[in-house]
Amino acid sequence: MLEHLPLFFIIAGLIAYAVLAGADFGAGIWILVSRRTDTELRDHARHSMGPVWEANHVWLIFIVVVSWTAYPEALSSITSTLAVPLALALIGIVLRGTAYALRAQAQDGELALKIERAFGVSSVLTPFALGTVVGGIASGRVPVGNAAGNLITSWANPIGITIGVLSVATSWYLASVYLTADAERGGAPSLVHAFRVRAIAAGSAAGILALIALVVVHADAHRLWHGLTHGAGIAALALSGLAGLTTLALVLARRYEPARVASALAVAAVVSGWAVAQSPYLLPGLTVGQAAAGRQTLVAVVIAVLAGAVILVPSLALLFTLTLRGRFDAHTPSIDSTVVHATESPQAVVRIVAAFTALVIGAGCTVLLDSWGLALGVVLLIAAILLGFEPLARVPES
Amino acid sequence: MQALSLTVHLPLVCFGIAFPSLVLFAEWRYLRTGDQTYRLIAQRWSKVMLTLFAVGVVTGTILSFEFGILWPNFVGTFGSVFGLGFALEGFSFFVEAIFIAIYVYGWDRLKPRTHWLTGAPVVLAGITGSTFVIAVNAWMNHPGGFRMSHGKAVDVHPWTALFGNSFLWQELVHMYLAAYIVVGFLVAGWYAVCFLRGRFGRYERTALAIPLAIATLVSPVEVVVGDWAARVVAVSQPVKLAAMEGLAHTTKGAPEHLLGFYEDGRVKYGIEIPHLLSLLADHSWNGEIKGLDTVPANDRPPVNVERFSFQTMVGIGTMFALLAVGYIFVRLRLRRLPRSRWFYWAIILAGPLALVAAIAGWITTEVGRQPWIVYGVMRTSQAVTGAKDIPIGYGTLVLVYVALGAAVAWVLHRLSLSPLPNDVSQVVNA
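Chains as they are written, first to last, in my numbering: chain A, 9 to 406; chain B, 865 to 1294.
Here chain A stands alone, though its shape is the one from the complex:
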């Protein structure tokens, strides 16, 4: 059981990354394929991911670091064999982050348009490359060992390409649904209409692609096919299909917030289905139990993740509540932020003398003493910095 727990965290992270960051990629794709004149549409796509895309991206880092701690052998096999698509994904991530930062400072015009195109291209490249990584792992083409698999054919094969395309399509579809809901909250009827149509189109396309992907899996990866068509695997697929259809129905019925949830569920179910279909193997011949690190490490990972979750869950809840309630939207009236003028307490001299004393004693302790004396010295040195900072940082006379 213990050796499976970190895998649950990784899968949960994958799901979060797929449904949250996926939608950010999708927004980028809409920016790419929009007409030049659709400035409003592009701005809407860009602004709605503004406060959240960095946090969404961190899920990927979470997945990588938990994997290498809990299943080091599996991760090192994956990263060395699939180095090419991972490098492509990285280039995409770099380009995206840079383009986003640049766009915020560029005035509207030709240059801004170019930056947006670069942003859009990287929003296609990254999910595609990550999808091929999933395809390579899922089709059993990553053997255990340092760069033991083929650097090219391990991912550039029918199933890798199909899953890559499917990742792009699902991102696209998620973004359409989310952006419709965001537009409705922002009270922009024309945008709601535009994205509603797009959501229906992208949703249908993603659904058809998912069916094609199943055909490819049947032809190319028998183990995976077997897992997907038996037991919990088929249940997950059915759930995904159902959620997808529900999303379409909800969008048609103009119920966008529930549609958001349903569309995320459809994607989450596919990811879970993959995990179930592959179990108990991480890589060919390597079960989860064999790949797992030692007991102490697993306990530590579980504790770290659970403790982290205690902080993370309320933080994320706060961020998404503020964002989804429209507190960060451009049109929200700003609140009065003037504060009452308070008088300064003239303690500068006392503080500087205290800081100087702490500095001298601290330096003496640090240089001359060991263990506790040394620790005391370092604490005093830091105290000196803290004491001296405020008086020194006040507005100076010219």
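These are computed hints drawn from the structure, not numbers from a lab. Hints are supplied without guarantee of correctness; some may be wrong.
To be verified - From the structure, some residues in chain A lie toward chain B, with a derived Cβ separation under 7 Å:
(1) Val-73
(2) Thr-77
(3) His-238
(4) Gly-316
(5) Phe-336
(6) Ala-391
(7) Ile-393
(8) Phe-397
Stated by the list, open to error - Label-pair restraints from in silico Cβ distances:
(9) A:Thr-365 <-> B:Ala-1273: 40 to 50 Å
(10) A:Leu-119 <-> B:Ala-984: 53 to 63 Å
(11) B:Phe-1193 <-> A:Arg-125: 47 to 57 Å
(12) A:Ala-362 <-> B:Gly-1065: 28 to 38 Å
(13) A:Ala-362 <-> B:Thr-1182: 18 to 28 Å
(14) A:Val-375 <-> B:Arg-1063: 39 to 49 Å
(15) B:Gly-1065 <-> A:Glu-48: 33 to 43 Å
(16) A:Gly-195 <-> B:Val-1189: 53 to 63 Å
(17) A:Val-307 <-> B:Trp-1209: 50 to 60 Å
(18) B:Trp-1149 <-> A:Gln-298: 51 to 61 Å
(19) B:Pro-1160 <-> A:Leu-119: 51 to 61 Å
To be verified - Per the computed footprint, the stretches of chain A lying under chain B, defined by three or more beta-carbons under 8 Å from a beta-carbon of chain B, are:
(20) 23-29
(21) 51-64
(22) 302-311
(23) 319-326
(24) 371-382
Even for Gly, the Cβ is constructed at its ideal location relative to N, Cα and C.
Once you have looked at the hints, place chain B on chain A.
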């Protein structure tokens, strides 16, 4: 390749550690005094902070991938030992990303006090995140918490490995303070440029005083902490110290050499100060310092690289300490900023130099560890990937970083161009 990525990531880390607390300090001053200048400073800095954080997210992602792609055997063998540090750092990163967004998007949207409080987790997560990463590095330098058995790490105790490590504390304090020096001088350097251009109103003066205060307070302290760090190295990595000083043979009452270079077992063209090394590292006139000859030749790090980077760091650090003492004296005695132009030139130069010193310090600790990746346990050559075509990837990465650097420069330039809002500039110029 990883070295390149780390070099690019390092300044961003410094900003991640030190900058949020300066932003929060400015906002706190605003809350205390109601002075709009502070609010404006905090607001404008927070945009810079967000931009640099976004780039830091990107370079951090590259690093986490590279560990797997380039060092599969290192991660495969020891992931279970040190990975925990990165997992915890992942959480810190998460918290930072969440609250940095709330903070920057929350100006005028949240109550002033609430807004300030949403910045606090950014500062805390910056501290904890860097602690966890430095814990991993300290472990690579001073490994513990596991046994090797048939080429595998067994009996792993990750908490002990990472946090029960005597090497962690000096590395952490030393790096943490270095971050404040780097950020302090880089930010102050910008406003020093404003001074030289004759644009030096109340806004610029205030924005100069805050980073300069922290940089000048930390610089002298960093020298003392550096002495502590060197003594820890002398005890647990004597070969590294020998390489840093170019000491070929174990010597009693060892001399210290300034400048020069190491050849055929001794330092040439250096200035020799008798007994100083023993005095510094052992606190005794005739203390015994171990030389490079305590280990076989193939277990020694490249002496000149090590020595040169160490001397660079120490040299720059010492100059900073002198500059800092001078500034603090003028500031307290004359109750004003220095007026001489050379002082502001020095501040402008100090920013990049601080970065050079930080990178040199990092080279000192990493190159001094060679040929080991995990000190005394695994050689770097055993850890590297078996995949070919790495040079192609290397070239691509260089291009990516050059582009990234240009982009950041452009964004910061744009940010600096946006004019001061009218109502504030009236107050500011009054």
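Hints and how they fare:
A cut of 7 Å between beta carbons decides the hint on A:Val-73: the least distance to chain B is about 4 Å, and the hint holds. For A:Thr-77, the interface hint holds, the least distance from its beta-carbon to any beta-carbon of chain B being 3 Å, beneath 7 Å. Checking A:His-238 against chain B by beta carbon gives a least distance of about 32 Å; that is not within 7 Å, so the hint is violated. The interface hint given for A:Gly-316 is met, as the beta carbon of that residue sits about 4 Å from the closest beta carbon of chain B, less than 7 Å.
Taken as an interface hint, A:Phe-336 checks out: its beta carbon lies about 4 Å from the nearest beta carbon of chain B, inside 7 Å. Of the supplied interface hints, the one on A:Ala-391 is violated, with its beta-carbon coming no nearer than about 10 Å to a beta-carbon of chain B, more than 7 Å. Interface restraint check for A:Ile-393: the shortest CB-CB distance to chain B comes to about 5 Å, inside 7 Å, so the restraint holds. Interface hint at A:Phe-397: satisfied, since its Cβ lies 6 Å from the closest Cβ of chain B, which is below the 7 Å cut-off.
At roughly 43 Å, the beta carbons of A:Thr-365 and B:Ala-1273 sit within the given window of 40 to 50 Å. Against the hinted window of 53 to 63 Å, the Cβ-Cβ separation of A:Leu-119 and B:Ala-984 comes to about 37 Å, which falls outside the hint. Separation of B:Phe-1193 from A:Arg-125 is about 55 Å and conforms to the stated range, judged on CB atoms against 47 to 57 Å. Between A:Ala-362 and B:Gly-1065, the C-beta spacing of about 32 Å keeps the proposed range 28 to 38 Å intact.
Our hint of 18 to 28 Å for A:Ala-362 and B:Thr-1182 holds, since their Cβ atoms are close to 26 Å apart. Remark: the range hint 39 to 49 Å for A:Val-375 to B:Arg-1063 is upheld by a beta-carbon distance near 43 Å. About 39 Å separates the C-beta atoms of B:Gly-1065 and A:Glu-48, a value consistent with the hinted range of 33 to 43 Å. A C-beta distance of roughly 60 Å is found between A:Gly-195 and B:Val-1189, which places it inside the suggested range of 53 to 63 Å.
At roughly 56 Å, the beta carbons of A:Val-307 and B:Trp-1209 sit within the given window of 50 to 60 Å. Range check, B:Trp-1149 to A:Gln-298: about 59 Å between beta-carbon atoms, so the 51 to 61 Å window is met. Separation of B:Pro-1160 from A:Leu-119 is about 59 Å and conforms to the stated range, judged on CB atoms against 51 to 61 Å. For the segment 23-29 of chain A, the proposed coverage by chain B is not satisfied: 0 residues have a C-beta within less than 8 Å of a C-beta in that chain, short of the threshold of three.
Closer than 8 Å: that is the beta-carbon criterion, and the segment 51-64 of chain A has 5 residues meeting it against chain B, so the requirement of 3 holds. Residues of the segment 302-311 of chain A lying with their CB closer than 8 Å to a CB of chain B number 5, which satisfies the three-residue condition for coverage. Check on the segment 319-326 of chain A: 5 of its residues sit with their Cβ under 8 Å from a Cβ of chain B, so the three-residue criterion for coverage holds. Requiring three or more residues with a Cβ within less than 8 Å of a Cβ of chain B, the coverage given for the segment 371-382 of chain A holds, as 5 such residues are present.
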